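Protein chains in written order, with this note's numbering: chain A, 1 to 337; chain B, 338 to 674; chain C, 675 to 1011; chain D, 1012 to 1348.
Just so you know, the hints here were simulated from the structure itself, not pulled from any lab data.
Each hint should be verified, as a subset may be incorrect.
Keeping only pairs whose Cα atoms sit at most 20 Å apart, straight-line, the calculated PhoX-like set for lysine-lysine is [stated by the list, open to error]: (1) B:Lys613 - A:Lys304; (2) C:Lys978 - A:Lys328; (3) D:Lys1017 - C:Lys950; (4) A:Lys22 - B:Lys642; (5) C:Lys979 - C:Lys1002; (6) B:Lys641 - B:Lys613; (7) C:Lys950 - A:Lys328; (8) A:Lys304 - B:Lys343; (9) D:Lys1058 - D:Lys1072; (10) A:Lys94 - A:Lys328; (11) D:Lys1058 - A:Lys70.
Between beta-carbon pairs, the in silico distance windows are [as the list claims (entries may be wrong)]: (12) D:Lys1018 - B:Gln477: 26 to 36 Å; (13) B:Gln348 - D:Arg1163: 41 to 51 Å; (14) A:Val18 - C:Lys735: 14 to 24 Å; (15) C:Gly701 - A:Gln107: 33 to 43 Å; (16) D:Lys1105 - B:Thr383: 52 to 62 Å; (17) D:Glu1180 - B:Asn345: 19 to 29 Å; (18) C:Asn976 - D:Glu1180: 52 to 62 Å; (19) C:Glu753 - D:Ser1289: 22 to 32 Å; (20) A:Lys70 - D:Tyr1035: 32 to 42 Å.
Quick caveat, the model's predicted, so the values are computed rather than measured.
We treat Cβ as the ideally placed atom computed from N, Cα and C, and that holds for glycine.
Number of protein chains: 4
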Amino acid sequence: MIVLMKKNCTQQNVEAIVQLLKEYGLGANLSTGSQATVVGVLGDKTKLGGVNLELMDGVEKCVPIMHSYKLASRDMVPEGRTVQVGTVTFGGKKLVMIAGPCAVENQEQILQAAEGVKAAGAAMLRGGAFKPRTSPYSFQGTEEEGLKMLRRAGDETGLPVVSEVTDHEQLAFAEKYCDMFQIGARNMQNFRLLRAVGRTGIPVLLKRGIASTIEEWLDAAEYIMSEGNSSVVLCERGIRTFETATRNTLDVSAVPVIRERSSLPIIVDPSHAAGKASYVRALALAGVAAGADGLIVEVHPNPKKAMSDAAQQLTPKAYTALFQTAVKVAEAVGRTL
Amino acid sequence: MIVLMKKNCTQQNVEAIVQLLKEYGLGANLSTGSQATVVGVLGDKTKLGGVNLELMDGVEKCVPIMHSYKLASRDMVPEGRTVQVGTVTFGGKKLVMIAGPCAVENQEQILQAAEGVKAAGAAMLRGGAFKPRTSPYSFQGTEEEGLKMLRRAGDETGLPVVSEVTDHEQLAFAEKYCDMFQIGARNMQNFRLLRAVGRTGIPVLLKRGIASTIEEWLDAAEYIMSEGNSSVVLCERGIRTFETATRNTLDVSAVPVIRERSSLPIIVDPSHAAGKASYVRALALAGVAAGADGLIVEVHPNPKKAMSDAAQQLTPKAYTALFQTAVKVAEAVGRTL
Amino acid sequence: MIVLMKKNCTQQNVEAIVQLLKEYGLGANLSTGSQATVVGVLGDKTKLGGVNLELMDGVEKCVPIMHSYKLASRDMVPEGRTVQVGTVTFGGKKLVMIAGPCAVENQEQILQAAEGVKAAGAAMLRGGAFKPRTSPYSFQGTEEEGLKMLRRAGDETGLPVVSEVTDHEQLAFAEKYCDMFQIGARNMQNFRLLRAVGRTGIPVLLKRGIASTIEEWLDAAEYIMSEGNSSVVLCERGIRTFETATRNTLDVSAVPVIRERSSLPIIVDPSHAAGKASYVRALALAGVAAGADGLIVEVHPNPKKAMSDAAQQLTPKAYTALFQTAVKVAEAVGRTL
Amino acid sequence: MIVLMKKNCTQQNVEAIVQLLKEYGLGANLSTGSQATVVGVLGDKTKLGGVNLELMDGVEKCVPIMHSYKLASRDMVPEGRTVQVGTVTFGGKKLVMIAGPCAVENQEQILQAAEGVKAAGAAMLRGGAFKPRTSPYSFQGTEEEGLKMLRRAGDETGLPVVSEVTDHEQLAFAEKYCDMFQIGARNMQNFRLLRAVGRTGIPVLLKRGIASTIEEWLDAAEYIMSEGNSSVVLCERGIRTFETATRNTLDVSAVPVIRERSSLPIIVDPSHAAGKASYVRALALAGVAAGADGLIVEVHPNPKKAMSDAAQQLTPKAYTALFQTAVKVAEAVGRTL
C-alpha cells in the first residue's frame, strides 16, 4: 500500500505514520518527490486490521497496490488449474458445454431437455430447483423434488448435473443429487454459503454478481478456496449497466482478465446476459472465441411454455445449430469441444 | 401488459395471441394504429405464469405497465405507513436518527458509542455483529457476543437497537437482542432471509442493494410483507456507478421516488454511500432536505482504531455537530428531529 | 405510445386526453382492464411536439413503444445495407480489417505502420490527426500535417484511410485526405458535426458514445442519414461501467442487437475497449465470432514510444498473429476475411 | 506515479525502468517489500509524454497518484474562488438561483418566464436557443433569434442571462446576448469549444457529462482555465446509471467532493437529473443542504405546452414554493439566498 501525503503535511505527520506502521510490525519507505511525499508500506498490510491510515493527519489518500486474494491468484498456479466433475474436465484443451432448462419443472420436461442437449453434444446438464425470483408472486422452483428429477435425468443420459443452491441448509441433501453446485449471481457475496460449499469438497460453479468487480469475484472464490475446496469454476453472466437492450451486459473482457489474474477456469453464460433467445448464439460464440473454457446455455424442450425465463431459452434444435458452430470457433482458437 | 406486434405480422398472429390469452382467462384489447398493431392484455397477467408472449410469432415486444408489488405500493395506503420500534416511530413528522459504530467490537466501545450518540440526540443505536466482508481475511464480526453487548448498551442508554442479520438461522437468538433487524445491501435479494424476517413480526430495516433498481427494492419489501410483516423501513445507502470518488453514489432521488410509489418510510445512510467521513455531513443533510424519514450514521468513539470501515465513521463530536444542523434542515422542510 | 391512467383517475381525465389527442390530429384507443385504464395513441406521435401527456391530470405514465429512427432501422432495408469505401465493402460476406496507430506522429511512423498492417492483411489504414484528450496538457495531435502524412502512407500502400474529425470546420480540408471520416465516441452526440458529415457524402465510421444506449446511437446515425448520407458504419468500442479492470466494457451484445434493429454494418474496436494490449486479441476474436462486419485495431511500429494510448497498441507482429486467427474464426461463422 | 513490478521481475527489469526515467529527466525511488518491488517516479511525469511504463518488461501496473488538473485544483486557491456575472456572485455566502425555461420558444413565453422567476426571487434567467436533441426529428431551437429574445427578457427584468453554446462559431454573436455561456453535458469534452470559451473571458457554466467522472470534469474545467478564463462555475446535473426511475441519477456527493478537490463554485441542476417535475423540489433542496452554491431550475409559464423537456419543467407557482423552502434550508446550513 502507498500512502500519499498532503502537499502541506508536516515532518511530524510523516513520522507519525512511520511510527504507527512500526507498532504494527510494518516497515516504511519514504519517497519525497518534487510534487508529493509518498510512504510505501512494507510488509503484509493485513497486520493493520481495521486501522485506516487515511484518518491520520496529513494524509491525502491510500492507494492499495496488491489484491487481497491469494489462492485464487494466477501467481499460485501459473499454469492454471483444472477442475474435475466426474469425467468432465474444466480448464483443459476441450471446452465444457453445459446445457439444460432454467428450471426443473417436471420429470418429463427435464428428461426431454437432457436427451436434447445430450444429442446435441453437451457434456453436462443444468436445471434449477431453487429459483431466486425478484417477485414473491413468481414461480419459486420445485426444490428437493426437482433435484431428484434432475439426478434421474442425468443418470439416464449419463450427464453429470449442476444445480443452484441458495442456502447452506440445502447442502446436506443437495449433495446426494448434484455433481456440481452453482452459486448464483445474487449469492456471490453470501459469505456463509460460500464457506459452506467450501467445506463440501463438491466442485462449485461461481457466477459473477451483476454489480461485482472482477476483484470482488475473485475474493468470493477465495472464500470457497480458503475452506479447502479449490474446485471452483468461474462463470461470467453479464453485469448491470445503463443499456437496456439486453437483460445484462455480457462482459466478455472478463475472460482474458481472469486468465491473467487467476488460475481458475472460466465459462460464459450467454443466456442470462442476453435475456433473449435471438442474441444467445452471438454471445455464446463470442465467449468461445475470447478463450472461455466452456459455456452454460439454457435449453428447454418447449420454451414457449417454460415456467421462468422463457424469453431466453433455446429449443434443442437451435442449441444443436449453435453447438455445431461453436465446435468450429473452438478449433479456430486452438481448442476442441 | 401491452403486446406490440411486428409491422409485418399477420392477422393469424394477432388471433393466436388473443386465443392464447383467452385460454389463460385473460381478455385482449386490439388497437390497430397507422404504425403498429398493439394488443392490450386485460386481467391479471400473473395468470400467464411463465408463458412469454414475446416468443409468439409476429410479436415485436411486450411492455409491462404495472409493477409486481402490491402491499408495498402507495396505492394500498395512500397516506403512508408508520413503523413502530419501541417508542420510536418511523414515518411520522419527527425524523428518526439512528447512529452507532459499524461493528460492535467490545463492551466498552459500544457503550461509549451509545453514550456519545445518545448525548448528541440519537433515538436508536446501531452496531453490526455479523459483518459480511469482501475478503475472507478481513475481520468477520463478534457474532452473538456482539449482539449481547449491543443489547446491554441499548438498555443502559435507553435506546432501541438495530443490527444486521445475514442468515435465517440467526433469527432465533437475534430476536432476543434486537428491536429491529437490518437486512444489508448484499442480502436484499436473499429471498429466504426476507421470508424468514417476514415471519418474525420484528420491524425490518431493508437496505437497497448496490445494483438494485427501486422496483426490485420494493419487490424485496414485498417478500417480507407477503409473510405478514408490514413493519418495513427502506434505507437508501448508495448504488454502484462508474464514479470512484465516493464508495458508492448516494441516489438521493430515491427518496421522492419511494414517496410516490410506496407507502413505506425511507431513511438515508450517508456513511456507506460516502465511504469517507468528510463527505458524510453533506450527504446526511441532503437526505433530510430531500424528505427522508431519518438517517443512519456510523459513529465510533475512536474511528482511527475501528476494526472495519474506519474511513467513514464519525467521531461523537462530529456527529453532534451534524445532528444540530440536521435539526435546522428538518425544520426548514417542515419536519422535526 | 401508451398512456397509463392512474387507478383513481376520473372519466373526465380520460376524455381530456382523448380530446387533446384529437386536437393534434391523433386517434385514441381506450382499454379498460381490471387493473388499469390505458389509452393507446393512434398515429404519428411526433405531431404532439413538446406536449407531454404525463402532465395531464390522472395520468400515471406514458410508455413509448416505437423508436424514433427511421432510415437507420432494419425495417427500411431488411436485407441490410453495404457501405463502399474505395474497393472495400462493409457489410458483405468479407470482413473489413482496419488497423493503424492511435495517432499519426510523423511520416516515418505512419508509413511503417501502414506497411506493417498491409503485410498482415489489413484492408484499410487508420491514424488520428486530431486527438481529443482528457487533459489539456496531453499531446493533442499533428492536425492537417498528420492527415497529409496519413494520405501519403495510404497511397504508398494502396490502403484507403480513415481518420477522426472533431469539428465541422475540418471537413473542407479533411475531405482531400480521407476516404472515410471517423466520428469519435465523445462526438457521437455533436449534432452539428453529424449533420455536417451527413452533407459530405463521404462514408462515416460512427463510434458509440461511452454512455450511449443503442437507441441513442441509432438516433445519431439518423442525424447523418437524414442529411442524405447513408454510408454509415457503426463501431462498438466499449461503454462505461463500474468495472475498472478494462478501460471500458466492450458491449459485444451490441453486434446482434444492431443486426436486429438496424440495416447498418457494425464493426468492433477491441483496442479502446480493452485499454491494454494483452486483452485486445480476445476481444477482437469475440467481435468476429459475434458477427461483426470488421475490426478496427490499434497497431504501432513501436508501442513503447507511442505518443498516446501506448498501453493498448499492438506491434505489427502481434497484429499479424491476431489476423491469422481472426481468419479462422471468421470462417467458422461463415464469413471470410 | 508508482510502478508496481511483477513478483518474478528481474533486477535488470528494475534497472531498465530507472534508466528510462533518467533519460526523461525523472528520478526513481526503489522500495523492495516482502510482497513486491515498487518504483516511485520522482518529478513531473508529464515529461514522459506518451511513454507507457506498463509496457516495460517486468511491470505489473502503474498507479497514478496525482491528478492532472492544476488551475482547477483546491491547492491553487485554498479559500475557494468566486465567479462574478454582472452583480451576481457565485461562490459567496449567498446562493445563486438561476431559473427559466428549457428552450426560448418565443418572446412572450420567455418574458412571462422571466417575470415569473424574477417575482419568485431568482437572480438569473436561463433559456436555451441551441437545443441538442437526441433525435433529428425533434425541435432544435430558435437559435440566434432565441438569444435576442432571451436578452430582451433579461433586460426587461434586470436579470443576467445564461444560455447554452454548442459550437465555437456561435460565440462571436452569442457574446452580444449572453452574460454567461453554458457548456452542456454532451459538450463537456468538446475540447475545441472549451478552449474557445476559455478565450472569451465570459463566465462559463460547465455542466458535468452524464458519463464523466469528477476528475474528467475538472480536467474539462482546466481546458477553459488554461486559456486564461478562470470564471468557471461547475454544474452537477445527474449521471447515467442503471436506475430508470429518474432520467439521470443526481450525484449529490459531487458537491462535497468538488468542494474538497477544487476551488471552483458548484451549483446543482435538479431538473435534468429528475426528468420529472414532481421530483425537482426534493433534489433542489438536497443540493442546497449538501452545500451547493446555487441552483438552476427549469421553469415554464405553461409546462404542458412546452416544446421540449415538458415533463420536468415547473410552473412559476411551484417554483415560488420551492424557492421559499430553499431559503430556509440555505439558512439552516449557514448560507443565504
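Need the list of violated hint numbers for this structure, in ascending order. The structure conflicts with hints 1, 2, 5, 7, 11, 13, 14, 15, 17, 18, 19, although it agrees with all the remaining ones.
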